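Let's have the full structure, built from the sequences with the hints guiding it.
Here's the letter readout for the chains.
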Amino acid sequence: MSTGIVTTDLRKTFPVRRWQGWRRRPAAAPVAAVDGLSLRIPPGQVTGLLGLNGAGKTTTIRILSTLLRPTGGTVSVDGLDVVEHAREVRRRINVISGGERMVYDRLTARENLWYFGQLYDVPRARLRARIDELLDLVGLTEAAQVPVERFSRGMRQRLVIARGLINDPAYLLLDEPTLGLDAPIAHQLRALIAQLAADGVGVLLTSHYLAEVEQLCRHVYLIARGSLVAQGSPAQLAGQTVRRHTVRLVLAVADPAVTAVLRALAERHGAELTVDVDDEGRPRFTLRHPQDLVGAVVTAVVQAGGAVAGLTVTPPTLEDAILTLTDAQAVAVR
Amino acid sequence: MSHALRVVAAEALKQHRRLFGQPLVLFSMLLWPLLTLAATYYTVLPVMESAVAPQRWPVAGDPRRLLSFLAAGALAYTFFFSLVQSAWHFSFERVSGTLEALFLSPASRMALVIGNGAAALTQNAWLFGCFAVAAATAADVLHVAHPGMYAVAALALLVPAVAWGAFLNSMLIFSRDSAFLYTLLDDPLWFVAGVRLPLFALPVWVKAVGLAFPLTSSLVVLRGALLDRADLGDLAAPLGWLAALTVGLFAAASALLRLGEARAQRTGGLQVF
Numbered sequence: 001m002s003t004g005i006v007t008t009d010l011r012k013t014f015p016v017r018r019w020q021g022w023r024r025r026p027a028a029a030p031v032a033a034v035d036g037l038s039l040r041i042p043p044g045q046v047t048g049l050l051g052l053n054g055a056g057k058t059t060t061i062r063i064l065s066t067l068l069r070p071t072g073g074t075v076s077v078d079g080l081d082v083v084e085h086a087r088e089v090r091r092r093i094n095v096i097s098g099g100e101r102m103v104y105d106r107l108t109a110r111e112n113l114w115y116f117g118q119l120y121d122v123p124r125a126r127l128r129a130r131i132d133e134l135l136d137l138v139g140l141t142e143a144a145q146v147p148v149e150r151f152s153r154g155m156r157q158r159l160v161i162a163r164g165l166i167n168d169p170a171y172l173l174l175d176e177p178t179l180g181l182d183a184p185i186a187h188q189l190r191a192l193i194a195q196l197a198a199d200g201v202g203v204l205l206t207s208h209y210l211a212e213v214e215q216l217c218r219h220v221y222l223i224a225r226g227s228l229v230a231q232g233s234p235a236q237l238a239g240q241t242v243r244r245h246t247v248r249l250v251l252a253v254a255d256p257a258v259t260a261v262l263r264a265l266a267e268r269h270g271a272e273l274t275v276d277v278d279d280e281g282r283p284r285f286t287l288r289h290p291q292d293l294v295g296a297v298v299t300a301v302v303q304a305g306g307a308v309a310g311l312t313v314t315p316p317t318l319e320d321a322i323l324t325l326t327d328a329q330a331v332a333v334r
Numbered sequence: 001m002s003h004a005l006r007v008v009a010a011e012a013l014k015q016h017r018r019l020f021g022q023p024l025v026l027f028s029m030l031l032w033p034l035l036t037l038a039a040t041y042y043t044v045l046p047v048m049e050s051a052v053a054p055q056r057w058p059v060a061g062d063p064r065r066l067l068s069f070l071a072a073g074a075l076a077y078t079f080f081f082s083l084v085q086s087a088w089h090f091s092f093e094r095v096s097g098t099l100e101a102l103f104l105s106p107a108s109r110m111a112l113v114i115g116n117g118a119a120a121l122t123q124n125a126w127l128f129g130c131f132a133v134a135a136a137t138a139a140d141v142l143h144v145a146h147p148g149m150y151a152v153a154a155l156a157l158l159v160p161a162v163a164w165g166a167f168l169n170s171m172l173i174f175s176r177d178s179a180f181l182y183t184l185l186d187d188p189l190w191f192v193a194g195v196r197l198p199l200f201a202l203p204v205w206v207k208a209v210g211l212a213f214p215l216t217s218s219l220v221v222l223r224g225a226l227l228d229r230a231d232l233g234d235l236a237a238p239l240g241w242l243a244a245l246t247v248g249l250f251a252a253a254s255a256l257l258r259l260g261e262a263r264a265q266r267t268g269g270l271q272v273f
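Keeping their order, the protein sequence lines are chains Y and B. full-length UniProt numbering numbers the first residue of the first sequence as 1 and each following residue consecutively. full-length UniProt numbering numbers the first residue of the second sequence as 1 and each following residue consecutively.
Hints are computed from structural coordinates only; laboratory data are not their basis. Model, not experiment: these values are computed from the prediction. Watch out, some of these pointers could steer you wrong.
Between beta-carbon pairs, the in silico distance windows are [claimed, not checked]:
(1) Y:His208 - B:Ala255: 38 to 46 Å
(2) Y:Val83 - B:Trp205: 39 to 47 Å
(3) B:Ala4 - Y:Ala129: 18 to 26 Å
Partial list, computed: chain Y residues near chain B (C-beta under 10 Å) [claimed, not checked]:
(4) Ser65
(5) Leu67
(6) Ala86
(7) Val103
(8) Thr108
(9) Asn112
(10) Phe116
Anything over 10 Å on all C-beta distances counts as not near chain B; from chain Y, calculated [said to hold, decoys possible]:
(11) Gly4
(12) Ala29
(13) Leu135
In this text, a Cβ means the ideal position worked out from N, Cα and C, and glycines have one as well.
Given below as structure tokens:
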């Protein structure tokens, strides 16, 4: 039964040894990379795992993929414990990481996929067709017989993606999969991830490209220092921050009455207001407030007889949420 | 079981494709042991031509027998040292990041290291093996008790060599600093195993150390079965010891693989996504 990947109070500490003279000795305390993390990655959707560098994202992925053993807590994949049933878990998952590793340079694309197909015990009768499908999917059919050492960076990464799909995994763990890819290829990959999720694959995605996360993920976990800081949809996370909506309004001509109305409105709402001129010398008003004041601003300007030449509204972004929430956690730790 | 066999075959083919770009490279696999054999022969020949040597070791008095003795040593050494090289090559999997890809898969780890060793054997030793057998037949230096002893000699060379390879490969799961193994097992291997000298000529402590290496007993069986007309009864002791060593090496390899993977899971030592 597909119950997803579930972690409960997951913990991972690494023993640290430091050189003292000619000997390496254990440091006083092990380093906690993951600290009490509880997540759920359901089948059929893309789940995001976000955090700054060193937050514990890659360690979490390595635990879920059985490469690391948790120090505490539990991880199950469709009800199978990753420690006790590691081999069965490995059949159901795969990992794709950015950075073009995990394929053999002197082998051709087809040979690489054939080799990994054998390791994953893909049925012989199915393997050839599966390789053809994947080469076609990642656009490497023409280069199937070319050694990987002659591939461009993007081609190698596409082969890494095909390798990650060779066993038709029920769950796919993506660690910065579009790192270093050209925009069109990254776009194709995002479409592929969305399609995989639509086909029922459970996907966990870590990425530094937040637009990618906002586009693909239905649910996002935000972690810092190995702990969960916040979770929700990208919009919910963005809404949890105290960062402000920014309303930027340009008047066609300067009008003291309109300026006075906007100052009064800002004061009434406690909004931050700055007044300057744009490149064409027109008066520009910038209001920042936790709420979106665009309706009130436009109404006030029109009622005061002003003519609006330009209007932009910038809502708080997921990036704002990450920075704010991880900053808050850092302060709390201090 | 069928999955394990698929993994062995796939790993062997992969290693072959990784290490052999041009067919010409194959001939270096003939040239290298031939040069080693020639260098050894012409190094020991002046010593053997002295009047004293044949008194202690009759083989020394007959250049043809001496050459066949050394050729058997070179053949067996080629088998075993190719496994040392294969372990060294396997260590590059860790550096290049592909070791993690192997450990992500459900493939048997033992099948992987056996496949790696099997690839090294077939690609490094087959050519010289064929040459040695053909040359020995042409020179009429093969003296076997019965044809079944050819199979005994082949198995005594192949099976322990694969166990040796599995053992060495499994040790490299622990550390990427594997170059020391390459150095440590090069010259000492031929010295303690009696590759170029008869075992009785070696000091007792060297013979004791040599017993720990399967190459030593493999060579005793190979030379006895193919050159000295020895039968199973004559070779029972070295064959028994070889079997025990082989089982021990496979068991140690299996334990090391489990311990190494558990250690990597604890420390994150397989590095690095």
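Going down the list of hints, with the structure as the test:
Hint check: His208 (chain Y) to Ala255 (chain B), Cβ distance near 41 Å, so the stated range 38 to 46 Å holds. Taken as a hint, the range 39 to 47 Å holds for the pair Val83 (chain Y) and Trp205 (chain B), whose Cβ atoms sit roughly 46 Å apart. Hint check: Ala4 (chain B) to Ala129 (chain Y), Cβ distance near 24 Å, so the stated range 18 to 26 Å holds. Look at Ser65 (chain Y): its Cβ gets to within about 6 Å of chain B, closer than 10 Å, so that hint holds up.
Evaluation of the Leu67 (chain Y) hint against chain B yields a held restraint, the C-beta minimum of about 6 Å falling below 10 Å. A least Cβ separation of about 8 Å between Ala86 (chain Y) and chain B falls short of the 10 Å threshold, and the interface hint therefore holds. With its C-beta approaching chain B no nearer than about 7 Å, Val103 (chain Y) sits inside the 10 Å limit, and its interface hint holds. Interface restraint check for Thr108 (chain Y): the shortest CB-CB distance to chain B comes to about 9 Å, inside 10 Å, so the restraint holds.
With a least beta-carbon distance of about 9 Å to chain B, the hint placing Asn112 (chain Y) at the interface is held under the 10 Å criterion. Below 10 Å, beta-carbon pairs count as interface contacts, and Phe116 (chain Y) has one with chain B at about 7 Å; its hint therefore holds. In this structure Gly4 (chain Y) is separated from chain B by more than 10 Å, as the shortest Cβ-Cβ distance comes to about 19 Å. Non-interface call for Ala29 (chain Y) relative to chain B: holds, since the shortest CB-CB distance, roughly 16 Å, exceeds 10 Å.
Residue-level check passed: Leu135 (chain Y) sits 18 Å from the nearest beta carbon of chain B, beyond 10 Å.
When held up to the earlier numbered hints, the structure conflicts with none and fits them all.
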